[in-house]
Amino acid sequence: MKVALTGNPNSGKTSLFNAITGKIEHVGNWAGVTIEKKEGEIKRSLSGRDTFITSVDLPGAYSMSPFTSEENITKDYIKNENPDVIINVVDASNLSRSLFFTTQLLELGIPVVVALNKSDLNKKKQTVINVVELSQKLGCPVVETVSSGNNNGMEKLISSVVAVKYKKQSSPFDSSGVNIADKREVEASDRKRFELVKNIVSEVEHRQVRSSRQTRQDAVDRVLAHKWFGVLIFAVVMWGVFSISQTYLGPLVADTFVGWIDSFRGWVDGLIGKGVSPVLSSILLDGIIGGVGAVVGFLPLIMVLFFLLALLEDCGYMARVAVVMDMFFKRVGLSGKSIIPMIIGTGCAIPGVMATRTIKNERQRRTTAMLTPFMPCGAKLPVIALFAGVFFNDSAWVGTSMYFVGIALIIVGALLVVRITGEKNAKSYFIMELPEYKFPSIKRAVMEMLSRAEAFVIKAGTVILLCNTVVQIMQTFNWKLQIVAQGAEETSILASIASPVAILLIPLGFGVWQLVAAAITGFIAKENVVGTLAVVYGITNFIDTEELALVEGATDVASVMGLSSVAALAYLMFNLFTPPCFAAIGAMNAELDNKKWLWGGIAFQLGMGYFVAFFTYQIGTLITTGALGNGLLPGLIAICAMVGYVIYLMRVRKSIPSIKIGLSG
Amino acid sequence: MEHTIRTKIMTTINKRMKTYASEVVNLVKAQVNREYTVKEIKTNDDELKNFLFTLGCYEGETVTVLSVLGENYVVSVKDSRYCIDRDLAEAIIV
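Which chain is which? The protein sequence lines are A and B, in order. Following the numbering used here, the numbering of the first sequence begins with 392 at its first residue and continues without gaps. Following the numbering used here, the numbering of the second sequence begins with 4 at its first residue and continues without gaps.
Hints are computed from structural coordinates only; laboratory data are not their basis. Where hints are given, some of them may not hold.
As the list claims (entries may be wrong) - List time: in silico DSSO-like cross-link candidates among lysine-lysine, alpha-carbon distance up to 30 Å:
no. : chain 1 : residue 1 : chain 2 : residue 2
1   : B       : K52       : A       : K428
2   : B       : K52       : A       : K470
3   : B       : K32       : B       : K42
4   : B       : K11       : A       : K721
Said to hold, decoys possible - One-sided and incomplete, this derived list gives chain B residues near chain A with beta-carbon spacing under 8 Å:
no. : residue
5   : E5
6   : H6
7   : I8
8   : K81
Predicted model, so just to flag it, every value in this text is computed and none were measured. All C-beta atoms, glycine included, are put in the ideal place defined by N, C-alpha and C.
In isolation and in its complexed conformation, chain B is listed as follows (with noise of 0.2 Å):
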């Protein structure tokens, strides 16, 4: 009894820790509608983050996810509207 007690106690203040600290959210996560800050580009390929980057997608811009299309997010960067696929979602890390 004792011991249920004590995982009942230390399951609430893991997932009260959990909603307090930050958690890694990328664009999958996101939810719609609402302004993000990006934190990082997660990807070991160099070309595609300096695309991004020219859009003006970068750590510390904002970027909104408009809707989900299936696999693919549209979302907003700088007033322009762009399609994305889940991998690319994935690698936006807010």
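Excised from the complex, chain A in its bound form (with noise of 0.2 Å):
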């Protein structure tokens, strides 16, 4: 048996979903957070053991007439797929929007029962709802719903899904009369419907407080949505998110981790003896429990910074970020809902990059799907705190500068972007929802953290663990297969590959093949470098993530790889700003959905990433030692073409007017 779940936008769908299937999808206190349909099975202690029903989660919309991608998601699956029974989650304290839709799932003939969902924060509210009379006027049955704690209602609900399968649904109101192509006699109709649910109501519903009339939440939020205060907020509660989780929590919970993989390595030398060729031992004990261990150390970092972002998320505090941000957004020619993609991609830029899908403006989404990646995010941390601890002392400047640099490019790339598409003067409207505020649920934080830690344990023990030991074998032999001898690393096959690629990478101060081997293996996953860095070095033993630091000798890392410090911040810099992993241009690939945008976006990715990394090197050079750095010139050269082609694409569409009238936000 197949049930669709749908309903508004932030009603709590995904919250029943994961709450009558055992799964636990991504949820946000914020419109838009749910862009795909996702499947699950009903938990059986619900559904009864006879019955199989599966459940569709499918993102919110406000009618059947789509304006929105998701809503024409909607529309599809209810059409092609259909369901058996369709659960209508409706937000208790919004019928007078919410029903509009309901109206309009009854027509088509498929059994609906309403889950009126947040009925706890209508109880706060001393909102009553005649829930009886409401089944009778809709002709379906109501059940209350609340999406957390133990009377939650699904009982009831999975019951009267069960009861429902196979009836006849019949419809408060009629509009097969209407010609849908006449948009006059559409609307006609729309206004009807919207008068019988205006009737329906005034008799079900009794209300305390007026929504009309300001609340504390307007208090509220003229505080943290306000022109410059809030950014000042913002701006407070970002760096706390991130000092949290990079200075003083995770770290914490990191100690105990790399003690673990520190005895775990111990253990395994002590059981493969000296009897093992040495080759085979530093494969295993280097590349693999080395490389893999020096990114795993970092999960706890990675996991507090998840949790906190679920919190974040789901009070409600993000709609009103996009409010603040708007006006800077809008003078680079986007709108404030393009934070949110950004923020989500300081964890990860792949949902960070899936969340754009919420911006209705072409041009926009696609800039800021684009742009989104230039936020450092999770993968990127131990790249941060790695070469924080070794060139610069664990200084927390470091971390949060490489934040502010990503917000310079993005609104850089945004700028450009807007010249050479030559939109300036597009009319686009912002509208955003701002949903109540509540006090965020710990325990669904702590399940996205163990989600998202789940998947990252996944990653280091499959495409991480394959990279090292690819880049560990290629750093052993050469092509003849023989075992390179000590000093006569040049002749590797690593260093063969990475070689020539070195040379158009040294006006950025780190044209040495061990550099460029761990850059490239960046694309894969971004925690590479870190990991191949230490298998090419061999500095394992010298990587921990104790306070950030390194345990012995950061001087002797650092002279290792015969870097300067203002060279390590270029290279940094290039592994931050370039294109990201091959899974996040993967999504880039599926949100931009154009070859030109997408290979531009890549191509400005790379540029972006040079240009840092070359006038970090060359201009820090000067300033610490009065000297310039190597290959100026043949950099500089490189740099001119690359700004000469973007002038050249302003100028070309310049001369093309186009005003056009676009919904943005």
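Two chains, two frames, some hints: make the complex.
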């Protein structure tokens, strides 16, 4: 039996879905979190031992006439897949708007059960809904639900669902006579529909607090979404999130973790003894355990980060952030809605890029998708931490400044896109629903954190493990499959592949094959940069996340790598601001949906990484040593070529005026 | 002297007429915390009009500006709270 879950955005569908299937799909207290349909089997404890029910969680829709891609998915699913029963999740605090969609669903002829969700919020506001009468007027069962806690109405809901299967569904509103092609007829019919809804609501609902009056929420909003104050608060909140995960709580947990990895390595070492060939032992101990261990040591930091981000998303603050940032984003041709994918991108760029689907304006959506990877993601954290530890004495400003550089690049990128596509005069509107504030669910945040941790561990155990092994092998052997002698590392397979590319990067200060190899593996997973460096330089003993410091001899590592601090900074920035890992590029491809934008985006990211690293290295070297760095001239030529091309693109478009009125936000 | 008296009378009459005649007000000029009835959604964008409709914002329905946050306006339509920007607020005539 197939059940479809549908309803207005942010009505609690996904939370309900999680409650009845036992899954932990991602939720967030803002409209637009679910963008694809998700399937799951309803818990046997609810459905009864004989029935097998799959339920599908659809993205939110305000009506059947779709304007956004999410509403399209909903409409298509219901019309094509023919679910047996539809559960219409309705936000109980919002009947007047929600029931519009409900009446449309009732006309489909498929049995409907209304889940009157968030009933607990209504109790707080002293709004009373006569459920029995509502059920009678709609002609379908209405079950009060709350998505969390024990007495949540799920059993009653599912038993109602099972009971209405095969029943004929009547509808209080009949729009079958309306000619869909005639706009005026449709409009008139929709107005009548709203009239019907109004009548139903007035008879069924009794409110104590009028929603057209200011409440305490508005007072809070006035502070949190204030023009200037709001930005300050946002900056403080983000700083808090990162410092807790990177400086305080994260490393604390990481301590114990790395301790385990170390002892594990020691145990394996003892196990294989002296009898095994040093090559094999090296591959196992240094390549696999060492390399992967270096990465996994950062897991606690990432887990804390995701936990905090989940709390942030759940309390309803994200929507206010979009409002605050709208003023600034408008100046670069984007809207406040673009900030949400970027915040999510600080955890992982993939869901961040996917979150751009809620942005209606095509150009803004694509621009945001292309720029979101500039925000350092969780996978880049180990890289930042490593370099901050080796070259900059764990200074906190390293990490913080990387985020600011990311933001700066996003602004520059957005401006460039606007100039190149020439849509400066497009009038686009910003509208964002402001959900009610709520205390974030700790349980949900923990679930989210664990699910991410699981994904990370799996990734570490597969992709990263594989990469490290391959790298280790490639550096140990040369093309004739002989073991490379000590001191002749340049003849190894790895070196011969990386060296040609290294020449291109000399102007950036790190034209050394080891570093280039690490950067290349970074495209498979950014964590690999750390892993590969650990393998290539044999510094597995030194990397330890205890307070983000290295155990012994930070200076040893620095000298082994042979980089000045400036060059190290340039290298760090290069890895952070070039195209993201292939998985993220895949997500970009899916959202951009246009080859020109995709290659343009990748080229832009490559160019930016090169640009930023080049100037950091050259100017930094000039400041610190008074001399210019290597390869200044060729680097400068490359930069000029890139800049010239961009200017050319801008000139070409400037001659085509375009005034488009598009819906943004 | 006659001229100035006449101008004075005319300006006063004009002022009075303005307050009695129905002023074209959009949400930007609307008073905070007062319920208004939507008269028109002034835009060429059909998609926007339709979208606002599904939220319950169309001719004949009530809308209230709850607060002003810089260039953005928090409005209440059908028991829901939305934040809209100045461009959109200007398009909603009440």
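Worksheet item: If you check each hint against the structure, which ones fail?
Response: The structure breaks hints 4, 5, 6, 7; every other hint is satisfied.
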